[in-house]
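When you get a sec, could you build the whole thing from the sequences and use the hints?
Number of protein chains: 4
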Amino acid sequence: MHLAFPTPAATAHEAGPEAPFDAGFDPLGAAHALAERFAATAVERDRLGGHAAAEREAIRASGLLALSVPREYGGIGAAWPTIYQVVRIVARADSALAHLLGFHYLQLAGLSLYGSAAQQRRLFGETIAGRTFWGNALNPLDKRLVGVPSAGGYLLNGIKSFASGSIGSDWLTVSAWDPLANAPLIAVLPTRQPGIAVQADWDAFGQRQTDSGNVRFDNVTLPDDLVLQPASRAPTAQTTLRSQVAQLVMANLYLGLAEGALAAARGYLREEARPWLAAGVENAVDDPFVQHRFGGFHLLVRPAQLLADEAAHKLDAAFRRGAGLDAVERGAVAVAVAEAKVLAHRAAIDIGSGLFELTGARSTSAKYGFDRFWRNARVHTLHDPVDYKLRDLGRHALDGRLPEPSPYS
Amino acid sequence: MHLAFPTPAATAHEAGPEAPFDAGFDPLGAAHALAERFAATAVERDRLGGHAAAEREAIRASGLLALSVPREYGGIGAAWPTIYQVVRIVARADSALAHLLGFHYLQLAGLSLYGSAAQQRRLFGETIAGRTFWGNALNPLDKRLVGVPSAGGYLLNGIKSFASGSIGSDWLTVSAWDPLANAPLIAVLPTRQPGIAVQADWDAFGQRQTDSGNVRFDNVTLPDDLVLQPASRAPTAQTTLRSQVAQLVMANLYLGLAEGALAAARGYLREEARPWLAAGVENAVDDPFVQHRFGGFHLLVRPAQLLADEAAHKLDAAFRRGAGLDAVERGAVAVAVAEAKVLAHRAAIDIGSGLFELTGARSTSAKYGFDRFWRNARVHTLHDPVDYKLRDLGRHALDGRLPEPSPYS
Amino acid sequence: MHLAFPTPAATAHEAGPEAPFDAGFDPLGAAHALAERFAATAVERDRLGGHAAAEREAIRASGLLALSVPREYGGIGAAWPTIYQVVRIVARADSALAHLLGFHYLQLAGLSLYGSAAQQRRLFGETIAGRTFWGNALNPLDKRLVGVPSAGGYLLNGIKSFASGSIGSDWLTVSAWDPLANAPLIAVLPTRQPGIAVQADWDAFGQRQTDSGNVRFDNVTLPDDLVLQPASRAPTAQTTLRSQVAQLVMANLYLGLAEGALAAARGYLREEARPWLAAGVENAVDDPFVQHRFGGFHLLVRPAQLLADEAAHKLDAAFRRGAGLDAVERGAVAVAVAEAKVLAHRAAIDIGSGLFELTGARSTSAKYGFDRFWRNARVHTLHDPVDYKLRDLGRHALDGRLPEPSPYS
Amino acid sequence: MHLAFPTPAATAHEAGPEAPFDAGFDPLGAAHALAERFAATAVERDRLGGHAAAEREAIRASGLLALSVPREYGGIGAAWPTIYQVVRIVARADSALAHLLGFHYLQLAGLSLYGSAAQQRRLFGETIAGRTFWGNALNPLDKRLVGVPSAGGYLLNGIKSFASGSIGSDWLTVSAWDPLANAPLIAVLPTRQPGIAVQADWDAFGQRQTDSGNVRFDNVTLPDDLVLQPASRAPTAQTTLRSQVAQLVMANLYLGLAEGALAAARGYLREEARPWLAAGVENAVDDPFVQHRFGGFHLLVRPAQLLADEAAHKLDAAFRRGAGLDAVERGAVAVAVAEAKVLAHRAAIDIGSGLFELTGARSTSAKYGFDRFWRNARVHTLHDPVDYKLRDLGRHALDGRLPEPSPYS
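Residue numbers (my numbering), protein chains in the order written: chain A, 6 to 414; chain B, 6 to 414; chain C, 6 to 414; chain D, 6 to 414.
By construction, these hints were calculated from the structure, which means they are not laboratory data.
The reader is advised that the hints may include incorrect statements.
Said to hold, decoys possible - Calculated pairs, DSS-like style, for lysine-lysine (alpha carbon to alpha carbon, straight line, at most 25 Å):
| hint | chain 1 | residue 1 | chain 2 | residue 2 |
| --- | --- | --- | --- | --- |
| 1 | D | 148 | C | 148 |
| 2 | D | 148 | C | 372 |
| 3 | B | 372 | A | 148 |
| 4 | A | 372 | B | 148 |
Said to hold, decoys possible - Derived DEER-like restraints, expressed as beta-carbon distance ranges:
| hint | chain 1 | residue 1 | chain 2 | residue 2 | range |
| --- | --- | --- | --- | --- | --- |
| 5 | C | 277 | D | 130 | 40 to 50 Å |
| 6 | C | 332 | B | 409 | 46 to 56 Å |
| 7 | C | 405 | D | 55 | 55 to 65 Å |
| 8 | A | 288 | B | 134 | 14 to 24 Å |
Glycine included, each C-beta is placed from N, C-alpha and C at the ideal position.
In structure tokens:
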């Protein structure tokens, strides 16, 4: 398979002068190595589904779990453009595993955005020391998990659905409804403890190995010092930046899927496809209609790449602004991320479905697994409706109105 | 599931005054009954794949195998518009089983178009008497099956791929390369005989229960009286009408898929979907973007229905012209069928993929199996490239040039 | 120019046994003759704009003003499918003049739907006797024309904008706001009388010769016997059918534009265009990309034709139901008309703009006037927003809700 | 009108340390000032057409004719990204005048790419000294102009069509067919001299004030020292870069048109449009369908902007490589320019036509002149067929094949 896409050079040295992490570490090289490894088994694992235990170990061994941990806490301290490149590179080969990795970075971003200095010191430190893998149990649409204040913290009871990366995780970010404050709190918890049960009941037709599921909490004690944001604290431009970090993870997953699908189609067309009888050419790649459609696909991917890269730079600048970030700056990031996400969404769906018009009937054999691009993109692009992103973008372009901060915008 | 689409009334009485078959037989009613039965297990059978043994028996029991057999041979003698309606109705529930049924009708059409009076008498009679199910081993792109003339017939050796409906069939239509004539012959053969091995090696990601596979022939004797068209006989407007019968089977399968997908989306939106937060409505069906997209989907299906119906009427008239059919009349059918096929293709793919923009993340659960619409449509619409259909249509619209008769046009 | 499209045979004999009008009258032939005449000057008249005085006389002389007048009043009594075919045929050559003719039929439809028997007798009779041309001053969005009840009728004062066909008309349909009833009345009036001033201030960039403008009313007396529908009378399924008559006039104008644009492109490609260097073909019509795009255009027109024809048949049946028409039957017509209108809208805009991708730079010379297809379609398709038609269609397809009767639906 | 688009800062100081030109000159500011001036009369001048005499003087007075002249010859020596920004800014207000300016830069680029040091010194010097406006007579598809070698040069006879900016120009770039070499030569000539007749016979429906026409040459003497490239000299990567300079002028003109159309739509929607009845909102900009479509338009413009900017940087680097440029580097520029051009083409056409779906019927009044966006884009985007650009892009993406150097690729 052809997974080589030109990627800008990036190193571990972006965030500052000193480098506690191995100064020679090459994040994009590590990502490419992971992608190559995952590509070899992607079709089979897509078919089998199930827990990505071995693959989590490979990610852990790659050193990439430390990529977004600030240098002062022993991490690589990479900038967001590099982090998203890593996610995208892995997604070309396997968008489910890239989801695990991207959501790990998302949880750590939450720690940066919400956490106190003490919490950051403790938890980033533990992430480096324990090579900790983070998962998500924060689905804001599901309010069934309730956190009742009790001595020195909260007692958690209930359930969270669509918890990506929860199975096999070491720590979870959790949101819970605080009935006294009538608002949600955000906290972190070690996954493996009595009272927390992660259920492997994710049964979607795509993104099968995202270790997603329902997480049940049965009288789980949440101590105050693991609460990143109590329900009583008002959201700020900084804290609501988390949804943009998440949205841009999505965009890069979609984009990696689109790139992976395009690479798969190219490889097949060059090496396996037979030209159509009526084309009168010797090789499928010489069919003018194949070339024309492929040019169209290329023009879906290229703009999405440029916009995703631009959005990553804007997000990075906003992230580094810290508590000084204001609503207008945050809104500009939200617009840039929405632009990238819509284009990446379209590229992944249109190429994932349309590539077969070029590769033809024989390419539908299960041995190629080419349908996984559409299935993965289709499942994942439903995180939030693209029509409301377009509305937000139109509203902004019409009268400058910024997207309202929400878990999705 | 909502499978009810308005269908024009049709009865068994179209072809003539006397009715050897049960005069009260209602083909569309029988098709709806089959569809309802198949719908109940469609998701599970799609998952399992495998031979459609039980379903073939249900089709057999429905009486629909006799639908296209002329009345003079004891069949129902339905006109093509009714036959294609039946295929489409079944395809709404299960496009793989509808494929089996549609290809049964295709083989019988071949008998009408190529066969001598004696062959028709014998084989139609046997179809009625034995409730015979026909399969296809005619893939014209695969020339590996060779028929060497021998005493009183031919000796067949080789293989045919993409043989739809071959597994579990009673009779097969076969094309074989005659090396002396340097052209293909077309014949029929009982499937179950020494030397014929049907291999269940179809592994595409859609249309999984079409009983397709490779058929191997090992020193099979083909007697002259089962040769419908020897290699030496030049094709005529009548005989090349077979490809149009086949193409319109495809179009109706695609259309049934599009209708089925639309019905599934409607059912889900009405009964299960939750409105998006930002929509500010109580029910998903009240979201203006949902309505707008659904209107767009509706406008993919409606024209395809009208064009498919019109093409069926034109094909029926051409079919009844028999040997008197000329190239211009045949060409007009080919244009009408191509129009319908392109629109049905687009409707099936666009709705099969796009419905999820409306139904959202929860609708991707394997329990609904909604991805099968796209998978089935995707695999099946690759029979021949849509771009060459568009070229044929453009060429005709520009200068009146008719599609060149071929196995695909 | 190539304006020949296959049209179904139609005669003047549809509506009943006796034929006061010349029994040999051929409406479609008359329409083709008009179209040929108008085509010769269409480019120049589009450039000049201005009043269509001479063209109105040609229409009058053609006999087509009587086409929709019932036979019992001396007219031709054609069914709606024929009437719409006539509009479409003329629109291929000149959509502005076809608008004049189509709106003449619309006003007469109003007389049938709203008028008393006495009014119909008088006004249809006068239409035949005086070869009367009807215009429109009914714009429901413009409520500046007020009708104050006065002795034996109303006193009209105010203005109506977007009055199509008002300049040079003999009679006008008028809506006026009745301040006592707080609702609009609908009436007819002779155009040429003191107090009515038709202003030729239509300055849109398309549909330039539609004789549209603002109509000013200055103390105009409207006698009761010219009021077709007083403000106090509640709308019925029958009376609100008028908007569907109007919408289907639009659809056929758009469709005629699309057909005319396609014919112009075909003529140019066959006779004038040079193939692109890189195509490596001798004639532009042999360029595979030209053929492919032209096939796509063809597939915009064909479905619109079928749906427009089907809608015309449904409308005709509903029209003949008279006062017995119910809301569900009316709604079914509205759905069919909306389907046709959306497809015709798309066809006219997409072909009007896209044809140039095929015909190239030299075809933009003013001498061909090919831009008029887009300009005419663009101006005319803005009568009401296509997005709300799609919403109506989606809403109906989702839950069976019928379009709410309005001047636009 | 709203013409303000964010543009990156640019100054006159890009090309080197010393600045013979006024160091404070602000090219983008000058472009915005010109655009504002031209916007005030754009609708009227579009209607009238004719020679842009006064506007040429305004451009001359702006100082922008010197923008691309190297500093060593007294010019501003701006880099290509700035030059293209200037063209784009002017095109937002008036794409015909921007065409004049862009083609002036194109002719000067030819001097840099083909001309000897002596020619550059003389002609750049003259351009600065005489504030010379350059025009084009190089149409490579028109081979009717013949240059027969004669003593000390050539004798030119014949005609050149589609000569943009020739009317009112001071100097022309000319290509002529050398019958001895059987190849074209490229030269420059003062426009105003006996034997050269520029005919104002451009009559396209858009880009009306581009001062285009046919140029006739009647026994015009071309001295050898005005020949930039004799017919015998083989094209190089450097010389064939001229077509990329030209293609990127086109792309920026299209992009300016798209931006101008979007700004016009936004201004109208905010200030003049009435919301549709059925929308149930107070302002047109609050209609969800308006917002959604506007978001879609925005997503046509943004990627085209990014790709055009990227292509400008690549072109600039290649331009500065001079004779050292190789075919692969040139090909990479051609790919980047093609990407930008296709997206800008689509944006200009789709927004120019589609904006009316939002702004509605009243916005078609001639007083707004909103149709000029489509007309200008439609005429100008036919310079070379977009389908062959897509083919080139697909071919490159499939197997790395670079666009073949030609006047269009």
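Hints, verified against the model:
| no. | hint | verdict |
| --- | --- | --- |
| 1 | D:148 with C:148 | violated, 62 Å |
| 2 | D:148 with C:372 | holds, 24 Å |
| 3 | B:372 with A:148 | holds, 24 Å |
| 4 | A:372 with B:148 | holds, 24 Å |
| 5 | C:277 with D:130: 40 to 50 Å | holds, 45 Å |
| 6 | C:332 with B:409: 46 to 56 Å | holds, 52 Å |
| 7 | C:405 with D:55: 55 to 65 Å | holds, 59 Å |
| 8 | A:288 with B:134: 14 to 24 Å | violated, 51 Å |
Hint compliance for this structure: hints 1, 8 are not met, and every other hint is.
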